[in-house]
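**Student:** Below, each chain spelled out in residue letters.
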Amino acid sequence: MAFYSTSEFRGGMKIMLDGDPYAIIENVFVKPGKGQAFNRVKVRNLKTGRVVERTFKSGDTAEAADVHDTQMQYLYNDGEQWHFMDPASFEQLTADANAVGEAAKWIKEEDLCNVTLYNGAPLSVEPPNFVTLTIVETDPGLKGDTSGGGGKPATLETGAVVRVPLFVQNGEVIKVDTRIGEYVGRVGK
Amino acid sequence: MSAASASDATPWRPSATREALVARAGMLAAIRAFFAGRGVLEVETPIASRAAVSDLGIDSLSTRWAGPGHPGGLPLYLQTSPEYAMKRLLAAGSGPIYQVCKVFRDGERGPRHHPEFSLLEWYRPGWGHRALMAEVADLVRALLDAPGLAAEEISYRDLFHDRLGLDPWHTDTETLRRVAAGQGIGGAQWLALDLDGWLDLLLSHCLEAGLGLGRMTFVYDYPPSQAALARVRPGPQPAGERFELYLEGMELANGFHELTDEAEQRRRFALDLGRRAATARATPPLDQAFLAALGAGMPAASGVALGLDRLLMVKTGAGHIDGVLAFPVERA
Chain A
1 MAFYSTSEFR GGMKIMLDGD PYAIIENVFV KPGKGQAFNR VKVRNLKTGR VVERTFKSGD
61 TAEAADVHDT QMQYLYNDGE QWHFMDPASF EQLTADANAV GEAAKWIKEE DLCNVTLYNG
121 APLSVEPPNF VTLTIVETDP GLKGDTSGGG GKPATLETGA VVRVPLFVQN GEVIKVDTRI
181 GEYVGRVGK
Chain B
1 MSAASASDAT PWRPSATREA LVARAGMLAA IRAFFAGRGV LEVETPIASR AAVSDLGIDS
61 LSTRWAGPGH PGGLPLYLQT SPEYAMKRLL AAGSGPIYQV CKVFRDGERG PRHHPEFSLL
121 EWYRPGWGHR ALMAEVADLV RALLDAPGLA AEEISYRDLF HDRLGLDPWH TDTETLRRVA
181 AGQGIGGAQW LALDLDGWLD LLLSHCLEAG LGLGRMTFVY DYPPSQAALA RVRPGPQPAG
241 ERFELYLEGM ELANGFHELT DEAEQRRRFA LDLGRRAATA RATPPLDQAF LAALGAGMPA
301 ASGVALGLDR LLMVKTGAGH IDGVLAFPVE RA
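Chains as they are written, first to last, in my numbering: chain A, 1 to 189; chain B, 1 to 332.
Bear in mind the hints are in silico, worked out from the structure with no lab data behind them.
A few of these clues could be false.
Far from chain A, by Cβ distances over 10 angstroms, these chain B residues were calculated [unchecked claim]: (1) A23; (2) A66; (3) L89; (4) G126; (5) D138; (6) E174; (7) G182.
Listed below are several chain A residues computed to face chain B (Cβ distance under 10 angstroms; list not exhaustive) [as the list claims (entries may be wrong)]: (8) D18; (9) N27; (10) K31; (11) P32; (12) K34; (13) Q36; (14) R40; (15) V43; (16) E53; (17) T55; (18) K57.
Cβ-Cβ distance ranges computed for the label pairs, FRET-style [claimed, not checked]: (19) B:S62 <-> A:T70: 40 to 46 angstroms; (20) A:E26 <-> B:P236: 42 to 48 angstroms; (21) A:N114 <-> B:Q183: 35 to 41 angstroms; (22) B:P111 <-> A:F90: 44 to 50 angstroms; (23) A:D177 <-> B:R163: 46 to 52 angstroms; (24) B:W65 <-> A:E91: 57 to 63 angstroms; (25) B:E152 <-> A:H68: 51 to 57 angstroms; (26) B:A278 <-> A:Q81: 50 to 56 angstroms; (27) A:Q81 <-> B:A332: 50 to 56 angstroms; (28) A:P87 <-> B:R178: 48 to 54 angstroms; (29) B:P115 <-> A:G11: 17 to 23 angstroms; (30) A:G101 <-> B:Q183: 32 to 38 angstroms; (31) A:Y76 <-> B:A9: 46 to 52 angstroms; (32) B:P71 <-> A:T70: 53 to 59 angstroms.
Every residue, glycine too, gets a C-beta built ideally from N, C-alpha and C.
Just chain B, with the same shape it has in the complex:
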């Protein structure tokens, strides 16, 4: 007999318990029942696309397709979210739609991050972001089988004002650096960050762990610079109509009252690409079909993406995302 067989040397077993696999299957069934009951159509869109996201905080994985017309191989980008394709369906008159799919992010790995993860994304034509927040709360209660789970809402501005005594709309990087150092973030004096980077640092290091303890906490109305694909509500203090859901100190969902203005969308894409080029980052091809759909007219809508692996972590009590994945990347 050999001293050690391949099955000893190579970890082949799942990192999730059978209980976690059962919870995942149950969650998928409950999602489909929830949306069937509300007349929302399940759809599928391509995982691999010729265009990619320009968002500065997100990098795509890519592959190549050698097919008719592309003997040398056409780069295809693995979706980081099904957002552009689903908005094309909305523009084509799909009505309310949802999708459960795998999405991919380059460079991400940690206790709450995995390069591929499961996303539930859905869109509600005619709804504002606050109305969609209420539906997200209903869905989470249904999926966690916790009908009494309370929900609270706090604006991004109030959150920073109440917990850190600062106004994100009227501050500067040196003030934020001082606050970060005062909060005990090691190395704050050395970090080179822009204003949003500092706000992300404070949110992720000082605020997130205390959000959503024993209830759902929705943070809404973000600084316009963090609007991403949300519309910006004009006024004396313009706000990106965006929200995030936190539960048990963990970010679970991100939603927008969607931007439908093609010209503004083009402007934001160009801004992203300019900043990517300035920092020698990849500048992927933009989704022209998405821009064309906006140009043709996408109905006003709100949409949200919810991380199913993290919701499963809450449901099963797993402290690490590997606890709910059959095979994490290290043994994929």
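With the rest of the complex left out, here is chain A:
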């Protein structure tokens, strides 16, 4: 097992704390002039996304977490599991709803996703920053709800709902920024 000492800690490093994998966000050295040195480390729990602060005695170590990111192609959902394939090795993996999380409402077959693996199993799935999806339901009228900034809700083929401009119609393909969940534009046919 690999261990990192506090002087090696840096942003992005993955370590194990209390049995869970964490990503280091920030590592600050704190020390009284005469006395014990500490490292105040900000970490994100890779399972829950929660950010917490953890203090180490300088020189203490943490076990390296077997966590790495890989690009995988989304194949299909069998009703319970999401199936992904490594486009280079054709190796396939399945991810459960917990790992796929919010990505489920954006991805469709053949999309390339960033899959974070922990001990070889998917821990989280990030959709592409931009996806193109077909609108399956939206109010045909031009007179939408003006309270939300002039747009109207549109349901996409994956089930996600985004606000689109009033002129966008049923059956059209649009580009969406998944990081903020917003309509970017229409995609030409």
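Chain A is already provided as a structure; the job is to place chain B on it using the hints.
**Tutor:** Structure of chain B alone, referenced to chain A:
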């Protein structure tokens, strides 16, 4: 033309603004004027010494000197403070002295830490630590050009009692662990610390940020285990006659009513070295010349070291020590 010249690839510019460089030069001039006006002699002592500090919280950088008698190279330690050498001058009858110098600490780097930094250290024969605290306040007012800056004093015991409801003289590690966890220090349940380590944790994580806001806060009279080179005042509650100055949530200075008892100094050195050996830390050679000077008789005195880079941070409003350094270690 090449795509990228070396000057693009290698950061060569200073990290301090010109304004910060000017502030540093002004501070050095003001220090010299302050002590000239008070009859304190400026001195210089070696930066590289054959002996090193034994303090458990401080590690030395070292280098080698190949010279007459030492063809294989003699290890020389870069000073972590000019304390031992300046005390030898006091023992030799120097009278009040001060020094501005670079000091070095291994392993230290952060927003307020840099492996080499500038220290102002001075000694007042015949003074107690409380009298020296008043002079530190005068100097800081002069250097910050803030004649109205107020100063408050609080004992280490009162500080912990008032802010955390505990008495550092009568507590134990499990109580301190509970307090640390209650204060929201992440991972407190996993830390392996001795009593002083826990007190350092609480001071640095829970108390320091609130000290010296808009005024100078002097914390004085430390637990004997944290006396370092201070004399311990005997009594029902013995206290190390030591003080620290905090300003804007930052430790700026550390002072002692100096220990001058050679036997007690030897005992503390031996204690440090024993604890270093027990934890597989380096055990550097002790400063025998310093011990000899104590044996010959060093006058009663108080002394203090003040971090000039941090004082410059306060003066210039820099949030990071790199803001007052020309070239931090990453581009040194």
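**Student:** May I ask you to check that G182 of chain B keeps its beta-carbon over 10 angstroms from the closest beta-carbon of chain A?
**Tutor:** The assertion about G182 of chain B holds, with a minimum of 14 angstroms to chain A.
**Student:** With respect to the beta-carbon atoms only, verify the hint that P71 of chain B and T70 of chain A lie 53 to 59 angstroms apart.
**Tutor:** Holds - the Cβ-Cβ distance for P71 of chain B and T70 of chain A, about 57 angstroms, lies within 53 to 59 angstroms.
**Student:** Just checking, A66 of chain B versus chain A, shortest CB gap more than 10 angstroms?
**Tutor:** Its Cβ never comes within 10 angstroms of chain A, the nearest being 30 angstroms, so this holds.
**Student:** When you take the CB atoms of N114 of chain A and Q183 of chain B, is the distance between them in 35 to 41 angstroms?
**Tutor:** Taking Cβ atoms as reference, N114 of chain A and Q183 of chain B lie about 38 angstroms apart, which means the hint holds.
**Student:** Is it true that the C-beta distance of W65 of chain B to E91 of chain A lies inside 57 to 63 angstroms, as the hint says?
**Tutor:** Given about 59 angstroms between the Cβ atoms, the range holds.
**Student:** Starting from the range 32 to 38 angstroms, see whether the pair G101 of chain A and Q183 of chain B falls in it by beta-carbon distance.
**Tutor:** Distance hint for G101 of chain A, Q183 of chain B holds at roughly 33 angstroms.
**Student:** Was D138 of chain B rightly flagged as not at the interface, with every chain A Cβ beyond 10 angstroms?
**Tutor:** holds, 21 angstroms
**Student:** Close enough to count: is the Cβ of R40 of chain A nearer than 10 angstroms to one in chain B?
**Tutor:** holds, 7 angstroms
**Student:** Should the interface hint for V43 of chain A be scored as holding, given a Cβ-Cβ cut-off of 10 angstroms against chain B?
**Tutor:** holds, 9 angstroms
**Student:** Note whether the CB distance of Y76 of chain A and A9 of chain B lies within 46 to 52 angstroms or breaks it.
**Tutor:** Since Y76 of chain A and A9 of chain B have Cβ atoms about 48 angstroms apart, the given range 46 to 52 angstroms holds.
**Student:** Does the nearest C-beta of chain B fall within a distance shorter than 10 angstroms of the C-beta of P32 of chain A?
**Tutor:** Holds. Min distance 5 angstroms.
**Student:** Could you let me know if the closest chain A CB is still more than 10 angstroms away from the CB of A23 of chain B?
**Tutor:** A23 of chain B is indeed farther than 10 angstroms from all Cβ atoms of chain A, at 22 angstroms.
The earlier numbered hints are all upheld by this structure, with none contradicted.
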